[in-house]
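Peer 1: Can you make the complete structure from the sequences, with help from the hints?
Protein chains in written order, with my numbering: chain P, 479 to 647; chain F, 5 to 460; chain X, 1361 to 1598.
Among the hints, erroneous ones may be present.
Far from chain X by the CB rule (all over 10 angstroms, computed), these chain F residues [to be verified]:
1. Asp14
2. Leu48
3. Trp70
4. Trp101
5. Ser152
6. Ala196
7. Ile273
8. Ser304
9. His332
10. Pro334
11. Ser345
12. Val347
13. Thr350
14. Leu406
15. Val447
Cβ-Cβ distance ranges computed for the label pairs, FRET-style [unchecked claim]:
16. P:Arg527 <-> F:Ile273: 40 to 46 angstroms
17. F:Tyr135 <-> X:Val1504: 20 to 26 angstroms
18. X:Asn1464 <-> P:Arg527: 53 to 59 angstroms
Derived list of chain F stretches under chain P, where covered just means 3 residues or more per stretch with a C-beta under 8 angstroms from a C-beta of chain P [stated by the list, open to error]:
19. 112-121
20. 157-170
21. 209-216
22. 223-229
23. 426-438
Just so you know, these hints were derived from the structure itself, not from any lab.
Where a beta carbon is used, it is the ideal one built from N, C-alpha and C, also for glycine.
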Amino acid sequence: MELLGVFTNIEQAATAVEQLVRAGCPEETITSVTSVPYPPGVLIRGQRRGWFHRLTVGGALLGAAGGFALAAGTAWIYPVQTGDKPIIALFPTGIIAYEGMMLCALLGTMAGMLLEMGLPDLRRRARDPEIADGLIGIAVTLADETRRRTVEQTLLAAGALRIRTDEAP
Amino acid sequence: MSTPAEPHRDGAAANAAMLSSTGPATWRWYLLALLLGTVVTGGLTAFSYQVMTGMVVTGINRPVMWGIYIVNFVFWVGLSHSGTMVSAILRLSQANWRRPILRGAEAMTVFSIMVGGLFPLIHLGRNWVFYYIIPYPSQYGLWPNFRSPLLWDMMAITTYIIGSSLFLYLGLLPDLAVARDRAAGWRRLALAMLALGWRGTAQQWQTFGRASTVMACLIIPVAVSVHSIVAWDFAVTLVPGWHSTIFPPYFVIGAITSGVAAVITLMIIIRKAFHLEAFLTPLHFDNLAKLLLIVTALWSYFYFAEVFTTWYGHQPIEWEVFSFSAGHYPLLLMIMLLGNSVVPLTCLLWRRVRRSIPALLIISLLVNVAMFIERFLIVVPSLSHKNVPFLWGSYRPSWVELTVMAAAFCGFALLYMLFAKFFPIMAITDVREEHEALRGETVRGRTRLSTLIDEE
Amino acid sequence: MSRQARLYQWGMVIDLDRCTGCGACVVACQAENNVALVDKQRFAEGRNMHWLRIERYWEGEFPHVRARFLPMLCQHCGDAPCEPVCPVYASYHNAEGLNGQVYNRCVGTRYCGNNCPYAVRVFNFLNPDWPEPLPDQLNPDVTVRSRGVMEKCTFCIQRIRRGKETAKNERRLVRDGEIQPACAQTCPPGAIVFGNLADPDSHVARLARSPRRFRLFEDLGTDPSVIYLKGGGHEHAG
Chain P
479 MELLGVFTNI
489 EQAATAVEQL
499 VRAGCPEETI
509 TSVTSVPYPP
519 GVLIRGQRRG
529 WFHRLTVGGA
539 LLGAAGGFAL
549 AAGTAWIYPV
559 QTGDKPIIAL
569 FPTGIIAYEG
579 MMLCALLGTM
589 AGMLLEMGLP
599 DLRRRARDPE
609 IADGLIGIAV
619 TLADETRRRT
629 VEQTLLAAGA
639 LRIRTDEAP
Chain F
5 MSTPAEPHRD
15 GAAANAAMLS
25 STGPATWRWY
35 LLALLLGTVV
45 TGGLTAFSYQ
55 VMTGMVVTGI
65 NRPVMWGIYI
75 VNFVFWVGLS
85 HSGTMVSAIL
95 RLSQANWRRP
105 ILRGAEAMTV
115 FSIMVGGLFP
125 LIHLGRNWVF
135 YYIIPYPSQY
145 GLWPNFRSPL
155 LWDMMAITTY
165 IIGSSLFLYL
175 GLLPDLAVAR
185 DRAAGWRRLA
195 LAMLALGWRG
205 TAQQWQTFGR
215 ASTVMACLII
225 PVAVSVHSIV
235 AWDFAVTLVP
245 GWHSTIFPPY
255 FVIGAITSGV
265 AAVITLMIII
275 RKAFHLEAFL
285 TPLHFDNLAK
295 LLLIVTALWS
305 YFYFAEVFTT
315 WYGHQPIEWE
325 VFSFSAGHYP
335 LLLMIMLLGN
345 SVVPLTCLLW
355 RRVRRSIPAL
365 LIISLLVNVA
375 MFIERFLIVV
385 PSLSHKNVPF
395 LWGSYRPSWV
405 ELTVMAAAFC
415 GFALLYMLFA
425 KFFPIMAITD
435 VREEHEALRG
445 ETVRGRTRLS
455 TLIDEE
Chain X
1361 MSRQARLYQW
1371 GMVIDLDRCT
1381 GCGACVVACQ
1391 AENNVALVDK
1401 QRFAEGRNMH
1411 WLRIERYWEG
1421 EFPHVRARFL
1431 PMLCQHCGDA
1441 PCEPVCPVYA
1451 SYHNAEGLNG
1461 QVYNRCVGTR
1471 YCGNNCPYAV
1481 RVFNFLNPDW
1491 PEPLPDQLNP
1501 DVTVRSRGVM
1511 EKCTFCIQRI
1521 RRGKETAKNE
1531 RRLVRDGEIQ
1541 PACAQTCPPG
1551 AIVFGNLADP
1561 DSHVARLARS
1571 PRRFRLFEDL
1581 GTDPSVIYLK
1591 GGGHEHAG
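Peer 2: Given below as structure tokens:
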């Protein structure tokens, strides 16, 4: 289950995170929910590295190979002579391979980004509509009910306006 | 920026102001939509008439086999360079004044490349078999000819349409979530689906930031390649006046010129229409105008380099094209030089002009009129006076071509209007991120300074 | 491919010294190849469909004016600029040096027409229409092209095909002079000679070695198969 404490103030939210960590919540289970990005470390320490750019590189390689196969391969398998030129066109093949590379790199980046973010996310989540207006949420994922009271008290003590959960109302 | 006590009240007000365009449509909105829709319908009718009758209804002839349709193609593809240049380059250079401009410029990219991509299909003699150009396995045992620049065009424009749409969508994602949380009814459902369940967790924001940078890095070389390829449509031919190595960079600079000018025009309209004076300040226009000043200077340099080389070499065939162009279209040539070079280079030097909205509106429109003429003067005179003097001709667009062209402009405006009605036209989270950052202050000596260096 | 030994390499020699500018070739071409007719107004608009035209240039000042005639048709370039720019291979090179045009494949980008320095490619702006009784004289060997496609001189490929078939049935090669395009057949002074350039003894090959030979826009590197013999001036009259 997930608990979401809503704060008006960034300092309060940051205090809440510190108190939660001190109370024994692993930092991986805590995250901030905001409508505006804050630099890593303001609320939650940033992750070291993402992995989506591997899909960018993978897409680029695949796209370049695909573009090459499309331009050079089809000309080679279905040759038609034009203007005393060789069947396989060197520079145009490069252009098509380049465009294929860029297309698949863009698609790969986008797919990788969504996968890394865990989107699309269709699960029911603890949410608060006012976060869109600038309130700051601190969400804690709990494995079971045992620590629920501690977490709720810590959040409220730090100045949370209210606490939302992902349970059905 | 003011620093009210309760940040979320400020945030709510900013959200409301920036989402005002998505409010209920007024009768004026419907009237404008009707008007634009009528012109688009007129264009579709004219195009149908052309398909049913043949290319004889256009002004195309031998030797001028390409006319205003191709001029439009180059022009619209040029316009589409606004989004990538303003948005991606400024994103990478972390210029904070980009923030309110991003969305409008990115949306413009997507719609203008869509409109531009239609023109090569409109201009085909047999539009109904356009799919012969698409590479797909068929029983003909024949694939398209990748040696043809038109195939490069097709690949590049497909890449650019997909890439710029993804780029637009990427920037839109957090804003969709904001709009979702403030919407109701079917809009909420549609926005919720498009937002894919975005929450704005720390991890999501971090990945989002990295992906934005990567996408910006990827989209810039695509944009450059797109207009280089459009230039190669002309440069790789044997046509005197077209066959020039300077064309790709010249076209790219021209594209950025018209793109930046169009962004200024659109921002002025958006600012006025949606009452966003608080977000789009004279400072933003000042910066955009500086950008325009630089690119028009570059354009002038390229133009001079091209004409100067040809004039000095004075090869009879090439010089014939240039002198025909000057002799037959002196007015157009003059407007082009004034609009692309003289007026922006002199007027935009002055800070007062750069910060005057009416002056910028006139200058930015003039630049784009001049850019359209520039494309015309590249396409048409070269074809009019090719190698064989016996078959020299000229070209005048017919009413069918002009109607289709008017429909393209109105269709673009209509798409833009609809986009603004359903999606956030301002980069909400980007703008508010800056507001938040400005709130962070530090005491230094006897004063309090913003942690963010400056808006400029 | 072009440098391989070929049996046939079709070419044409046009002797400008013999050309009188009568225009019989233009009419013959129009009749043979079902070239569409256009009216006066369309002609003025630049929608005429001639595959072969006589270009007339004036030289000198009155009263010492001379007319120079230049029959202009598809040059069947060895390295044709029209071919690589076609996105759908409607314009391609055939093994006998002909510059082919596949009407059914053409989508009408007109790119080939722009890139042809000789401006000999014509576009079907309209569906062709022949007033009665002209449809009765259409050549059954030649496709009638629909609107929206490019077309141009084929060196009367239907006659080349027929000649080769006849020769094949008789188990021999095509004889010199056996195949004549309509223009060459009609030319009253015999200015146009067509034949196989791959055969060094053919009439066309012997004429092509003339010191008067030149090709149009040779500097563009298009390697045309049409060779002109200089003429029409005073320089070798006396």
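Peer 1: Beyond 10 angstroms from every chain X Cβ: check whether that's true for Thr350 (chain F).
Peer 2: Given that every Cβ of chain X is farther than 10 angstroms from that of Thr350 (chain F), nearest at about 37 angstroms, it holds.
Peer 1: Is the listed coverage of the region 112-121 of chain F by chain P valid when you require three or more residues with a beta carbon under 8 angstroms from a beta carbon of that chain?
Peer 2: That given contact is violated, which follows from only 0 residues of the region 112-121 of chain F lying within Cβ reach (below 8 angstroms) of chain P.
Peer 1: Is the gap between the beta carbons of Asn1464 (chain X) and Arg527 (chain P) within 53 to 59 angstroms?
Peer 2: holds (56 angstroms)
Peer 1: Taking 10 angstroms as the cut and beta carbons as the points, is Trp70 (chain F) off the interface with chain X?
Peer 2: violated (6 angstroms)
Peer 1: Do the beta carbons of Arg527 (chain P) and Ile273 (chain F) sit within 40 to 46 angstroms of each other?
Peer 2: holds (43 angstroms)
Peer 1: Is the Cβ of Leu406 (chain F) farther than 10 angstroms from every Cβ of chain X?
Peer 2: holds (17 angstroms)
Peer 1: For the region 157-170 of chain F, do at least 3 residues have a Cβ located nearer than 8 angstroms to some Cβ of chain P?
Peer 2: The restraint on the region 157-170 of chain F holds, since 7 of its residues have a Cβ under 8 angstroms from chain P and three suffice.
Peer 1: Using a Cβ cutoff of 8 angstroms, are there at least 3 residues of the region 223-229 of chain F near chain P, or does the coverage claim fail?
Peer 2: holds (count 4)
Peer 1: At least three residues with a C-beta closer than 8 angstroms to a C-beta of chain P: is that true for the region 209-216 of chain F?
Peer 2: holds (count 7)
Peer 1: Please check whether the beta-carbon of Ile273 (chain F) is more than 10 angstroms away from every beta-carbon in chain X.
Peer 2: Given a closest Cβ separation of 35 angstroms, the condition holds.
Peer 1: Should the label of His332 (chain F) as a non-interface residue stand, given a Cβ cut-off of 10 angstroms to chain X?
Peer 2: holds (16 angstroms)
Peer 1: Test the statement that Leu48 (chain F) is away from the interface with chain X: the closest C-beta pair must be farther apart than 10 angstroms.
Peer 2: holds (19 angstroms)
Checked against the numbered hints above, the structure breaks hints 3, 5, 19 and satisfies the rest.
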